[in-house]
Amino acid sequence: MLDKIKWFWRYYRRYRYVLAVLILLTPLQAVFQVSIPRMIEFSIDYFESDQVPEHWAAQWINDTAQSLGLSTAAGLALTLVLLGLMAAILYAVLQSHRAWMNLKLEWLFRQDAFDRITLKGPNFFNQFRSGDLVTRMTDDVAEKLSWFACSGIFRLYEALIMVTFTVIMMTTIDPTLTLWTAGPLPILIVVFFLSASVLDKRYDYLQTRISRFNDVMEACFSGIRVVKAYVKEPSQKKSFEAAVQDRRNAEISTIKAMTVVESMYFYIWQLGIIIVLVGGGYMAINSNLSIGKLGAFIYYTVYLIFPMFDIGQFLVKSRQSAVSINRLVELEKIMPMVPDNGRHSPNGNVAGQLTFENVRFRFPDVERAIIDGVSLDIEAGQTVAVVGRVGSGKSWLINMIPRLVDPTGGVVKLDGVDLKQFKLEDLRRSIGYVPQEPTLFSDTVRNNILFGRESISEAVLEWAIDVAQLKDEIATFPKGLDTPIGTRGMSISGGQKQRLALARALVGKPKILILDDCTSALDSRTETALWEKLQEVMPGMTAILITHRPDTLERADNIFVLAEGRVVDSGRHHELIAREGHYARIYKRYQLAEEVGA
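Residue numbering for the sequence shown follows my numbering, beginning at 5 and increasing consecutively.
Because the hints were derived from the structure by calculation, they are not lab data. The model shown is predicted, which means the values in this text are computed figures rather than measured ones. Be a bit skeptical, because a hint or two may be false.
What the hints assert, rightly or not - 25 Å max Cα-Cα, derived DMTMM-like pairs, lysine to aspartate or glutamate:
{"#": "1", "residue 1": "K417", "residue 2": "E429"}
{"#": "2", "residue 1": "K10", "residue 2": "E334"}
{"#": "3", "residue 1": "K475", "residue 2": "D486"}
{"#": "4", "residue 1": "K8", "residue 2": "E458"}
{"#": "5", "residue 1": "K513", "residue 2": "E429"}
{"#": "6", "residue 1": "K10", "residue 2": "E147"}
{"#": "7", "residue 1": "K8", "residue 2": "D410"}
{"#": "8", "residue 1": "K427", "residue 2": "D561"}
{"#": "9", "residue 1": "K513", "residue 2": "D470"}
{"#": "10", "residue 1": "K337", "residue 2": "E110"}
{"#": "11", "residue 1": "K205", "residue 2": "E266"}
{"#": "12", "residue 1": "K427", "residue 2": "D119"}
{"#": "13", "residue 1": "K8", "residue 2": "D136"}
{"#": "14", "residue 1": "K513", "residue 2": "D422"}
{"#": "15", "residue 1": "K337", "residue 2": "D7"}
{"#": "16", "residue 1": "K427", "residue 2": "D447"}
{"#": "17", "residue 1": "K124", "residue 2": "D561"}
{"#": "18", "residue 1": "K260", "residue 2": "E336"}
{"#": "19", "residue 1": "K427", "residue 2": "E466"}
{"#": "20", "residue 1": "K108", "residue 2": "D250"}
{"#": "21", "residue 1": "K475", "residue 2": "E458"}
{"#": "22", "residue 1": "K241", "residue 2": "D143"}
{"#": "23", "residue 1": "K424", "residue 2": "D410"}
{"#": "24", "residue 1": "K424", "residue 2": "D520"}
{"#": "25", "residue 1": "K513", "residue 2": "E477"}
{"#": "26", "residue 1": "K232", "residue 2": "D219"}
{"#": "27", "residue 1": "K236", "residue 2": "D250"}
{"#": "28", "residue 1": "K260", "residue 2": "E245"}
{"#": "29", "residue 1": "K260", "residue 2": "D422"}
{"#": "30", "residue 1": "K537", "residue 2": "E568"}
{"#": "31", "residue 1": "K537", "residue 2": "D476"}
To be verified - The calculated label-pair distances, taken between Cβ atoms and stated as ranges, are:
{"#": "32", "residue 1": "V370", "residue 2": "H578", "range": "34 to 42 Å"}
{"#": "33", "residue 1": "K232", "residue 2": "E579", "range": "44 to 52 Å"}
{"#": "34", "residue 1": "K232", "residue 2": "D369", "range": "33 to 41 Å"}
{"#": "35", "residue 1": "W11", "residue 2": "T142", "range": "14 to 22 Å"}
{"#": "36", "residue 1": "W11", "residue 2": "P343", "range": "18 to 26 Å"}
{"#": "37", "residue 1": "K483", "residue 2": "L6", "range": "37 to 45 Å"}
The beta carbon of each residue, even a glycine, is placed where N, CA and C say it ideally should be.
Full structure from sequences and hints, please.
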């Protein structure tokens, strides 16, 4: 419980004003609210006996009314109206603050979860599927947490205050009848302890089913082209139907449990009204209780029903919210693979010299090393190629340069400084990176290239587009640079996606350019023109290439050959060919593939 309170507090402490309003005004509103039945009691007894009740409050109201020239009846009526008006105004203020805080907390929960997720490494996204993450940030936050985080908690606070004040007022009227009215309370305590574990299991199972449901949808829509190409629509429909049925059954099972528990809290407490009507009526008949006091007692008993319902609802919702909090905390507990603890800022003065010193990399709890003892030097301004068979570790090696992952052993240096000492933002601003599979967003061509970098001029944008061999094709788009490209760029070809990603990397004028097999979807003519253009701009930057193109390998200043995570050979193209080792065999395969493709 304490860990959940600490989790909520880190969000609440940003809005201490709202917290103060809710904490201070709730008891004040309750005071006005519980005073209303006493005014009704005084009024009934006054009209019945034509005498002012002996209670000090009734006497004070009468004296004040007399001093203002009002009758006792007018004084009682005016007091009743004022109490009701103050209670209503304060309740409206509390409700508006709770509603605002609900929405604010929902935004904070979701934004904080999103910000943390963007810092995670590949190990995190291997563990959590996209549909599961979407569920945690939507259903868990909006449906399970946002209402409970403020309204649920403060309705409990309000309910406890109302129950306390109401019981005190009832005790001042008749302690014995108050004790009989509290009879259902032990039953409710037993219900809570019996239902807690059942609700926990139902809620956890439900959230798991919702995550699976979203996973199925996300996978289908992401791969819709493949689904259609292989005529797998019926299979996807069956998978979706099964996921829907699982979710439906889980929802029904959970709602059944919720309804039973909440109903028991609501209806069991209504036994108190029966006790008051029977016991209070008997006492009133025997003149042990006035009609006004009986009426006030009935009001107070009704006042207890809804607070007890709120308490029951809190106990139910708290189990539900605890499950959702645990699901969000589960994401938080996985630490980022790349912590941003650096303080060094190059301020744009990056030469581009890279050094790998006995670098190793493996995932936690995995014995096989992906990168195993790699040491190499890349001089500033060099064009370097990294080659190797599939699975040799090429992409993981170059991913260490922009610190998408950190080595688990050894050091990677830029201009003689350990990459971990750089601020991540400054380091990555100096690097242009084009991954093997280009990632585009549901936006325009312009925004996909600029990627939020508003300071980039139109001239630099046009230059990057020209180098990436996109100029002529963009001119044919319906709205040019402002043409939307659809979800994940579905409205453009694979080659256009790769060149758009290249333009995105170039437009930042990076000192280091990383190209991870980014021309695989291009036709030979376009690829030739692209590489010729790149050769013109590469001398001004350090370029690291993963490529299977023989012409590019021949032009590289240095080539590193990887096998099973290790550098097994290095040198210029003609030197490596002469050795007739790993590189020579790989190069011949590349040549053969190019000839067959031609």
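- Task: Starting from K417, check that the Cα of E429 is at most 25 Å away, please.
- Result: holds (16 Å)
- Message: Check whether the Cα positions of K108 and D250 lie no farther apart than 25 Å.
- Response: Judged against 25 Å, a Cα distance of about 32 Å means the pair is violated.
- Would the pair K427 and D447 pass a check requiring their Cα atoms to be no farther apart than 25 Å? violated (29 Å)
- Task: Starting from the hint 34 to 42 Å, judge whether the C-beta atoms of V370 and H578 obey it.
- Result: For V370 and H578 the Cβ distance comes to about 38 Å; the hint holds.
- Proposed proximity, D422 with K513 (alpha carbon, max 25 Å): holds (23 Å)
- Query: Does E466 lie within 25 Å of K427 when you go C-alpha to C-alpha?
  - Reply: violated (30 Å)
- Item | Given pair status - E334, K10, alpha carbons within 25 Å | holds (15 Å)
- Task: Evaluate the given range 14 to 22 Å for the C-beta pair formed by W11 and T142.
- Result: holds (19 Å)
- Query: Given the hint that K8 pairs with D410, does the C-alpha gap stay at or below 25 Å?
  - Reply: Roughly 32 Å separates the two Cα atoms, so the pair is violated.
- Query: Taking the CB of K483 and the CB of L6, does the distance hold inside 37 to 45 Å?
  - Reply: Because 56 Å falls outside the window, the suggested range is violated.
- Proposed proximity, E336 with K260 (alpha carbon, max 25 Å): Between K260 and E336 the Cα gap is close to 32 Å, so the pair fails against 25 Å, i.e. violated.
- Message: What's the verdict on K424 and D520, does the C-alpha distance respect the 25 Å limit or exceed it?
- Response: holds (23 Å)
Violated hints, in rising order: 4, 7, 8, 16, 17, 18, 19, 20, 29, 30 and 37; the structure is consistent with all others.
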